[in-house]
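Okay, here's what each chain looks like letter by letter:
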Amino acid sequence: MSEIQQLYQQLILEHNRNPKNFKEIEHADCKLEGYNPLCGDQITIFLKLENDVISDIGFQGKGCAISKASASIMTTMLKGKTKAEAAEIFNKFHKMVTDGTIGENVGKLEVLAGVHKFPSRVKCAILAWHTTMKALDEIKAEDGKR
Amino acid sequence: MSEIQQLYQQLILEHNRNPKNFKEIEHADCKLEGYNPLCGDQITIFLKLENDVISDIGFQGKGCAISKASASIMTTMLKGKTKAEAAEIFNKFHKMVTDGTIGENVGKLEVLAGVHKFPSRVKCAILAWHTTMKALDEIKAEDGKR
Amino acid sequence: MMNFDVEKIRAQFPMFAGKDKPLIYLDNAATTQKPQSVIDAVTKYYSEYSANVHRGIYAISEKATHEYESARTRIAKFIGADFEKSIVFTRGATEAINLVAYAWARHNLNPGDEILITEMEHHSNIIPWQLAARDTGATLRYIPIDETGTLVESEKYINPKTKLFAITQQSNVFGTTNPVKELTEIAHSFGAKVLVDAAQAMPHLMVDVVDLDCDFLAISGHKMLAPTGVGALFAKQEILEEMEPFLGGGEMIEQVTMETATWSEIPQKFEAGTPNIAQAIGFGAAVDFINQIGIEKIKDYEGEMTRYAIAKLSEISGMQIYGDLFCRGPVISFNVSGVHSHDLAQLLDMENIAIRAGHHCAQPIMRKLDVPATARASFYLYNTKAEVDALCEAIEKAKWFLATD
Amino acid sequence: MMNFDVEKIRAQFPMFAGKDKPLIYLDNAATTQKPQSVIDAVTKYYSEYSANVHRGIYAISEKATHEYESARTRIAKFIGADFEKSIVFTRGATEAINLVAYAWARHNLNPGDEILITEMEHHSNIIPWQLAARDTGATLRYIPIDETGTLVESEKYINPKTKLFAITQQSNVFGTTNPVKELTEIAHSFGAKVLVDAAQAMPHLMVDVVDLDCDFLAISGHKMLAPTGVGALFAKQEILEEMEPFLGGGEMIEQVTMETATWSEIPQKFEAGTPNIAQAIGFGAAVDFINQIGIEKIKDYEGEMTRYAIAKLSEISGMQIYGDLFCRGPVISFNVSGVHSHDLAQLLDMENIAIRAGHHCAQPIMRKLDVPATARASFYLYNTKAEVDALCEAIEKAKWFLATD
Ligand SMILES: Cc1ncc(COP(=O)(O)O)c(C=O)c1O
Ligand SMILES: Cc1ncc(COP(=O)(O)O)c(C=O)c1O
Ligand code: FES
Ligand code: FES
Chain S
0 MSEIQQLYQQ
10 LILEHNRNPK
20 NFKEIEHADC
30 KLEGYNPLCG
40 DQITIFLKLE
50 NDVISDIGFQ
60 GKGCAISKAS
70 ASIMTTMLKG
80 KTKAEAAEIF
90 NKFHKMVTDG
100 TIGENVGKLE
110 VLAGVHKFPS
120 RVKCAILAWH
130 TTMKALDEIK
140 AEDGKR
Chain E
0 MSEIQQLYQQ
10 LILEHNRNPK
20 NFKEIEHADC
30 KLEGYNPLCG
40 DQITIFLKLE
50 NDVISDIGFQ
60 GKGCAISKAS
70 ASIMTTMLKG
80 KTKAEAAEIF
90 NKFHKMVTDG
100 TIGENVGKLE
110 VLAGVHKFPS
120 RVKCAILAWH
130 TTMKALDEIK
140 AEDGKR
Chain X
0 MMNFDVEKIR
10 AQFPMFAGKD
20 KPLIYLDNAA
30 TTQKPQSVID
40 AVTKYYSEYS
50 ANVHRGIYAI
60 SEKATHEYES
70 ARTRIAKFIG
80 ADFEKSIVFT
90 RGATEAINLV
100 AYAWARHNLN
110 PGDEILITEM
120 EHHSNIIPWQ
130 LAARDTGATL
140 RYIPIDETGT
150 LVESEKYINP
160 KTKLFAITQQ
170 SNVFGTTNPV
180 KELTEIAHSF
190 GAKVLVDAAQ
200 AMPHLMVDVV
210 DLDCDFLAIS
220 GHKMLAPTGV
230 GALFAKQEIL
240 EEMEPFLGGG
250 EMIEQVTMET
260 ATWSEIPQKF
270 EAGTPNIAQA
280 IGFGAAVDFI
290 NQIGIEKIKD
300 YEGEMTRYAI
310 AKLSEISGMQ
320 IYGDLFCRGP
330 VISFNVSGVH
340 SHDLAQLLDM
350 ENIAIRAGHH
360 CAQPIMRKLD
370 VPATARASFY
380 LYNTKAEVDA
390 LCEAIEKAKW
400 FLATD
Chain D
0 MMNFDVEKIR
10 AQFPMFAGKD
20 KPLIYLDNAA
30 TTQKPQSVID
40 AVTKYYSEYS
50 ANVHRGIYAI
60 SEKATHEYES
70 ARTRIAKFIG
80 ADFEKSIVFT
90 RGATEAINLV
100 AYAWARHNLN
110 PGDEILITEM
120 EHHSNIIPWQ
130 LAARDTGATL
140 RYIPIDETGT
150 LVESEKYINP
160 KTKLFAITQQ
170 SNVFGTTNPV
180 KELTEIAHSF
190 GAKVLVDAAQ
200 AMPHLMVDVV
210 DLDCDFLAIS
220 GHKMLAPTGV
230 GALFAKQEIL
240 EEMEPFLGGG
250 EMIEQVTMET
260 ATWSEIPQKF
270 EAGTPNIAQA
280 IGFGAAVDFI
290 NQIGIEKIKD
300 YEGEMTRYAI
310 AKLSEISGMQ
320 IYGDLFCRGP
330 VISFNVSGVH
340 SHDLAQLLDM
350 ENIAIRAGHH
360 CAQPIMRKLD
370 VPATARASFY
380 LYNTKAEVDA
390 LCEAIEKAKW
400 FLATD
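Protein chains in written order, with numbering that gives the first Met the number 0: chain S, 0 to 145; chain E, 0 to 145; chain X, 0 to 404; chain D, 0 to 404.
Don't read these hints as lab results, they were simulated from the structure. Computed from a predicted model, the values in this text were never measured in an experiment. Check before you lean on any hint, since a few could be wrong.
[Said to hold, decoys possible] With a cut-off of at most 20 angstroms between alpha-carbon atoms, the simulated DMTMM-like pairs for lysine to aspartate or glutamate come out as follows: (1) X/K367 with D/E258; (2) D/K62 with D/E83; (3) D/K84 with D/E241; (4) X/K155 with X/E113; (5) X/K398 with S/D51; (6) D/K367 with X/E253; (7) S/K30 with S/D136; (8) S/K122 with D/E253; (9) S/K122 with D/E61; (10) D/K20 with X/E47; (11) S/K91 with S/E109; (12) X/K62 with E/E87; (13) E/K139 with E/E87; (14) D/K43 with X/D19; (15) S/K139 with S/D51; (16) D/K180 with D/D212; (17) S/K133 with D/E83.
Build out the structure end to end from the sequences listed, making use of the hints.
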């Protein structure tokens with residue numbers, strides 16, 4: 000596989016065309032916008048939590064194939080996970096797209112490993128994740144206030 | 000003659016060692032300082048006029064061989080000249096040191112013609128002259144006021 | 000074509016010459032490739048007369064000074080300036096504009112005054128004025144544009160409060176060429192000073208500061224074949240002379256006491272520190288290169304290629320080209336439906352084609368167009384119609400790639 | 000000598016290599032010669048991956064970005080900085096100092112505050128503070144020097160009002176190396192920020208910003224083998240992050256609305272517009288060159304040559320050398336009685352020797368020494384004792400020439 004094929008794997012192209020959980024969630028516990036200053040793309044993440052478990056998650060916005068596929072795959076992986084589990088997956092993912100290390104149990108995420116060869120696209124892959132992690136933090140902070 | 004010999008002609012070296020009219024003039028009609036920002040050298044011109052004629056002229060200060068010789072030769076040439084004559088000589092001199100044209104009746108000034116080959120030294124040769132011309136202007140201006 | 004021999008021109012660019020499958024470089028609005036003569040001028044300076052300028056009393060320093068000043072003179076002549084000391088060397092157009100913002104605007108603007116710019120400016124002609132407005136209390140206003148990238152009712156926005164009017168001569172997104180001469184005349188009639196951002200225009204068309212009558216002109220050398228790290232500011236002599244200094248340091252002073260200093264004559268007053276000597280000399284060589292071909296011929300050649308490109312690109316289904324289709328410089332921004340511009344750029348790169356994707360440092364335009372980004376292909380004198388064909392093919396291929404199951 | 004093979008080094012400089020009677024270049028404090036590897040790094044960029052940085056999604060732009068950023072990392076490492084984003088590329092040390100004067104000083108100083116500098120500063124470390132003092136109402140004060148070019152009672156001048164202390168690490172006239180580490184500690188104890196002007200020090204000795212603990216460090220690339228038109232500012236991360244921007248434009252912004260903008264992360268926040276890409280890459284190659292030899296070895300070699308030069312020059316009757324004779328960097332300012340320094344420089348040029356004459360952009364020092372100008376010979380790693388001998392002979396010849404009837 001050429002580098003470009005590694006970047007745009009079949010599964011990524013599919014998620015780009017038919018993204019999962021590409022939806023607005025009404026009465027979300029948290030709704031957060033993420034912005035990629037390199038390209039100007041914007042994404043909105045919607046989250047619902049039940050006792051620390053992500054019960055629903057959706058996204059909306061415009062972005063490149065990489066960012067859309069990454070967001071789509073992310074939503075399928077995080078649904079049903081606890082915050083701690085989500086953070087752990089994110090760490091593995093972050094490592095993979097920045098230095099190419101494919102950790103244990105990354106599952107479908109592996110299709111995004113090719114990104115690490117394209118420094119200018121790493122932000123695309125991470126955009127949805129960063130926004131989600133920030134959203135989870137915000138919910139935590141609000142919980143603290145209660 | 001090499002370029003450098005043209006620059007530092009025998010006569011220039013002599014004027015440098017034993018400058019003419021290297022003196023302060025008491026009760027001068029005008030005393031003016033000139034400054035060469037390229038090197039930091041300073042020269043002071045003293046002028047006495049009698050009915051539009053330069054009756055005495057002297058200079059003091061520190062400077063390179065070119066500036067000292069030029070000032071020295073200048074004083075010998077301007078003494079006894081009217082302001083208009085002085086201005087005319089200056090114009091010829093200015094042309095000579097900037098583009099090398101040796102005009103009519105430049106006389107001893109010709110030894111300074113080599114300067115035009117050394118752009119960074121043109122200001123040296125002109126320093127005393129500029130200051131003198133400015134001093135003559137100032138006297139004129141004051142005359143006007145009277 | 001009009002005795003414009005593009006192969007001969009390409010042969011002078013080491014990025015293309017003698018290469019098997021040379022890159023199709025279509026990002027000229029960002030920075031251009033450099034001809035061998037420019038690279039050689041730089042190398043020659045480093046190998047034969049590498050020295051500082053203006054203060055050395057030795058042969059190579061005098062030679063360096065001569066070449067540096069001669070570059071200044073040639074650039075002045077290129078824009079029709081009658082006084083070479085009106086040219087100040089900078090790192091690029093951005094520094095040139097900021098120089099005016101610091102040394103002129105901050106000393107001449109007051110609360111109630113207006114700085115007028117347009118919605119099609121590059122960030123380099125927006126941010127300096129936002130900051131200057133913040134610091135002086137002046138108000139920043141914009142002439143709006145419509146979706147074709149044309150200014151709307153410009154005259155309505157110029158008024159007696161306008162103290163500075165800063166406008167790009169050619170848009171780096173739409174390629175629009177603005178009527179800067181006419182607008183300058185109107186602005187002057189209200190007593191405003193006019194800054195023209197010629198970063199995009201000067202590589203492609205004849206810029207004449209006497210004809211335009213602008214007060215300031217910002218120039219980007221590296222966008223017209225010169226080395227990176229060089230540009231210039233032109234300003235009218237009397238304005239430059241009255242202006243406060245910008246950077247303080249060596250070269251720009253005459254006399255320094257502990258408390259204060261007096262300034263050198265222009266342009267040294269604005270060139271503090273050791274200048275970008277090799278780069279300025281290279282800029283001179285770039286101007287020579289352009290002059291040898293002739294800027295009018297370059298303009299005609301590029302015009303024909305641009306028309307060709309627009310016609311070919313328009314045949315692609317889902318293609319949206321921004322700006323006026325007929326009257327424009329050689330820069331084309333577009334989007335293809337279903338294909339994000341960054342994916343497009345990435346896929347074209349694999350076909351050896353370099354285009355740009357993004358907001359092109361013109362976020363207000365993107366907001367106007369209501370898109371996050373566009374793709375942009377920009378041409379220069381070494382590009383060819385064959386390259387345009389390759390571009391169109393590659394776009395089709397990318398579309399297909401992203402659409403196929 | 001200490002396995003320092005100067006002939007091997009000289010062979011790498013096209014200004015000397017293979018030349019019959021190569022120039023004796025003793026104006027290194029103004030700018031240095033460039034090794035082939037630096038020239039090649041520049042040429043290679045122009046010929047193989049000439050493109051803009053940071054925003055191009057195509058291979059040569061990614062390569063250019065990588066090389067540009069890698070130069071930044073190597074320069075950071077060279078000065079012991081643990082964070083490469085603390086390095087901002089500039090045109091030279093002058094722009095680096097002015098950046099601090101505009102982006103930090105003008106936003107942090109108030110009337111009553113003191114800016115402290117020394118009497119031995121280069122104009123580039125005087126004028127920016129005179130202008131900043133004028134604009135903020137702060138007071139500019141000087142630590143005096145004595146005739147040997149040594150600071151006098153520095154501690155007395157640092158006090159709780161001192162908000163900024165800006166000092167050269169090595170004098171470009173006397174060669175004095177100042178105890179910047181100790182003075183920084185004192186200044187910090189009073190809460191002042193410290194800027195070290197390393198333009199002259201960094202080419203010749205190991206500069207470690209962690210050890211010095213300075214807040215800002217101004218660097219001149221072209222005085223340490225790099226191309227013209229490049230230098231750098233180091234600043235502590237937290238200060239850079241808090242600092243207001245300097246130049247506004249492309250690259251340095253994150254989001255722009257019509258009214259305002261948010262800034263990029265450091266260091267891009269301070270690198271508006273297309274940067275001096277080729278020059279920064281060349282700076283990286285220059286640092287590699289120095290590292291291959293070893294800065295400590297360079298220091299030792301230059302130290303021995305400087306001692307030798309002082310001994311030889313002292314034998315010339317009428318010779319006056321300024322500054323401390325024993326403890327200094329490789330720069331020697333002097334005057335010969337009866338010979339004006341400009342005449343000397345001119346006559347030495349005829350002997351193929353390049354020295355500098357003038358005030359060396361340090362007029363306050365000239366006033367202290369009560370001379371309008373001095374001659375100055377400054378060495379670098381490619382100079383030799385034989386060249387020192389030639390210098391001394393040529394001085395004798397000039398004396399004789401100007402004195403003979
Ligand atoms: C219209 C316009 N103005 C200004 C600039 C900035 O020019 P530079 O990169 O030379 O600072 C650019 C290019 O980026 C531009 O397109
Ligand atoms: C001590 C000192 N500081 C600053 C500068 C200015 O450096 P640059 O020419 O890189 O702006 C110089 C050199 O001229 C210098 O000697
Ligand atoms: S290009 Fe914008 S997120 Fe990928
Ligand atoms: S060097 Fe100063 S006047 Fe000649």
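Status of the hints after comparison with the structure:
Between X/K367 and D/E258, the direct Cα distance comes to roughly 15 angstroms. Compliance with the 20 angstroms bound is thereby established for this hinted pair. This hinted pair checks out: D/K62 and D/E83 have alpha carbons roughly 18 angstroms apart, not beyond 20 angstroms. In summary, the hint linking D/K84 to D/E241 is supported, as the alpha carbons are separated by about 14 angstroms, within the 20 angstroms threshold. A distance of roughly 13 angstroms separates the Cα atoms of X/K155 and X/E113; the hinted pair therefore holds under the 20 angstroms criterion.
Under the criterion of a C-alpha separation no larger than 20 angstroms, the hint pairing X/K398 with S/D51 is inconsistent with the structure, at around 42 angstroms. The hinted pair formed by D/K367 and X/E253 meets the criterion: a straight-line CA distance of about 18 angstroms does not exceed 20 angstroms. Annotation: proposed proximity of S/K30 to S/D136 holds, straight-line Cα distance about 12 angstroms (limit 20 angstroms). Straight-line distance between C-alpha atoms of S/K122 and D/E253 comes to about 14 angstroms, which keeps the hinted pair within the 20 angstroms bound.
Between S/K122 and D/E61 the alpha-carbon distance is near 15 angstroms, which keeps this suggested pair within the 20 angstroms criterion. Only pairs whose Cα atoms come within 20 angstroms are accepted, and D/K20 paired with X/E47 is accepted, the gap being roughly 13 angstroms. Taking the CA atoms of S/K91 and S/E109, the gap is about 10 angstroms. The hint holds against a cut of 20 angstroms. Annotation: proposed proximity of X/K62 to E/E87 is violated, straight-line Cα distance about 33 angstroms (limit 20 angstroms).
For a cut-off of 20 angstroms, the pair hint linking E/K139 to E/E87 stands: about 16 angstroms separates their Cα positions. Of the supplied pair hints, the one linking D/K43 and X/D19 holds, its CA atoms being roughly 18 angstroms apart against a limit of 20 angstroms. Restraint check for S/K139 and S/D51: satisfied, since their Cα atoms lie roughly 9 angstroms apart, inside the 20 angstroms limit. Between the alpha carbons of D/K180 and D/D212 the distance comes to roughly 7 angstroms, so the proposed pair stays at or under 20 angstroms and holds.
Proposed proximity of S/K133 and D/E83 is contradicted: the alpha carbons are some 26 angstroms apart, above 20 angstroms.
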